[in-house]
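Asks: With chain X held as given, fit chain S onto it using these hints.
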Amino acid sequence: MPKVARLHAILWGVFSMGGFIAAFLLPVLIYLVGIAYPLGLWPVTNEDPTSAILNHHHIGTLFLFVTVAGSLYHGIFRFQSTLTEVGLARAKRALEAIGYLIIILGILATAIYLLQYNPSFFSLP
Amino acid sequence: MSQDVATVRVTRYRPEKDGEPFFQDYKVPYRKDMVVLDALNYIKANLDGTLTYRWSCRMGVCGSCGASVDGVPKLTCASFLHEFKGRTIKVEPLPHFPVIKDLVVNMDDFMHKLVEIKPWIIRDKESPPEEGEYRQSAEELERYQQFSSCINCMLCYSACPVYGLNEKFLGPAATALAYRYIKDSRDQGKDARFPIVHEIEGVWECTLVGECSVVCPKGVDPMLAIQKTKILGATNALKSLLMPRGGGK
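As you go down the protein sequences, you meet chains X and S in turn.
The opening residue of the first sequence carries number 725 in our numbering; numbering runs sequentially from there.
The opening residue of the second sequence carries number 487 in our numbering; numbering runs sequentially from there.
A hint or two may mislead.
Unchecked claim - Each computed DSSO-like pair below joins lysine-lysine, with the alpha-carbon atoms no more than 30 Å apart:
| id | chain 1 | residue 1 | chain 2 | residue 2 |
| --- | --- | --- | --- | --- |
| 1 | S | Lys611 | S | Lys587 |
| 2 | S | Lys530 | S | Lys576 |
| 3 | S | Lys513 | S | Lys587 |
| 4 | S | Lys714 | X | Lys727 |
| 5 | X | Lys727 | S | Lys576 |
| 6 | X | Lys727 | S | Lys654 |
| 7 | S | Lys676 | S | Lys587 |
| 8 | X | Lys727 | S | Lys676 |
| 9 | S | Lys704 | S | Lys654 |
| 10 | X | Lys727 | S | Lys513 |
| 11 | S | Lys587 | S | Lys654 |
| 12 | X | Lys816 | S | Lys587 |
| 13 | S | Lys654 | X | Lys816 |
| 14 | X | Lys727 | S | Lys530 |
| 15 | S | Lys576 | S | Lys611 |
These are computed hints drawn from the structure, not numbers from a lab.
The shape of chain S in the complex, shown without the other chains:
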């Protein structure tokens, strides 16, 4: 199989040595089936062992290899090198996150938000296993299924200009996951999640740019989840105004 050569321009940043991030170019021979992650692996194995980046599954499942590829947040394992033929491919760390080293970003903020929205099924009272499963119909599953495909890759946060301006904003993935559990017929944790998603820096900060849904590699539509969560919030607020004795539950 014939091989072309790609010029891959990677952000380098070693906080203990460098004052500022800088770009470094590498020449990488590639075949048609090679992706940007393969190029990074080639660089690390053959050209520069100090290059640092995250990856794991190489098949769009683990969500750890996200980076800004040619200015767009993408999974590097899903970005083919041949798509950039004749151009220098710029690979940068995901925007809106502090950089730890090279392409590795600090995900602590997202991790805190993820825990905050309680991404697990909450029951008022757990039934013992011998009482059987919590059954769910196909229709009930459909209400939240697409939102359960989130792989926490954080591309949506990188694409979101609102998160870039205000890191307190709960953001797309956390809201999509909160909505996934809010709509799950087995879950009884709405009272625990509503104050988080409906606080001022929950869903209300979203200005409906929609880039989160554009860049999602798993076809999740976080913008839809945010809009639906807003509708729930507005309906509940109106109910609590009209029926102060428990109408807004």
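If we strip away everything but chain X, and leave its shape as in the complex, we get:
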């Protein structure tokens, strides 16, 4: 009797949400940090974009974390699909492990940076 792959379904849901984030939030972040700020289009005076996002409201910290973590997770899931498509069945597990290690490190580094920048994140409403 076949069995519903619940864990895989939930992970796919996270991947799908990551795709939404990568498609909609990441371009906003790239525009703010990579285009608007260097070209002087940034509307907030005397503040770099990261500070402007993080300093005024906790939702900015959450926005940065969700955007980076979601995009990274979407990336590794897509990377897995690509490994399947190109038929790298033998090397797949090793490459997947390396990929997951990179994205876990990336997500942890993002979380640590954001908490160091804004240590009151968990203590304030």
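Replies: Below, chain S without anything else, positioned relative to chain X:
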């Protein structure tokens, strides 16, 4: 009407005689309204009676004349010879299926999958005919209508690189048909179908290549069915996690 001559290169394979499949070229005179299937019929009738292939309706309905035409899975009855003018037309058996003879492939795997997803309306309790029809609105019909156009031609399986790598993958047509019944307002068989489409080698193997939808001769979008089935699976899994007492139904 004037006639051109097409060179048709057909895969030949007779397991009882040949160690390996090989190509054989045939010269076929054709008119503008002739299709690849007509060329195969011409070869069989006039040049080589041993050529073996499947066909039936000659009008894109039965789904039995699928082959790889110039490297693309197509219905041979819907591929016009004049589109290949000046080139040799290569006709091969559908990829990803074992070949029985020449262009005839073994469809057993797909047939098993088709039965597995139970492509018929399941009711908890059948009502006697005198109680009337199971009524359905136009909106309810629209939810699944395009997926009911599948003719089981298996072009989508031939175009799917994931099925080519893993034949346990449920695949495009079977999922599209499962989704067709899952979305049918008259059907009550979700509990029977979900374990099949949502098992690890059900929809989750799909990597969203999308070629299945490109090659479908009936305009069905199996990729959409797979994505929608994935969304149903993810939603149900989340519900069962948050509401363990029957939330994931």
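Asks: Hint by hint, work out which the structure violates, then give me just those numbers in ascending order.
Replies: 1, 5, 7, 10, 12, 14, 15
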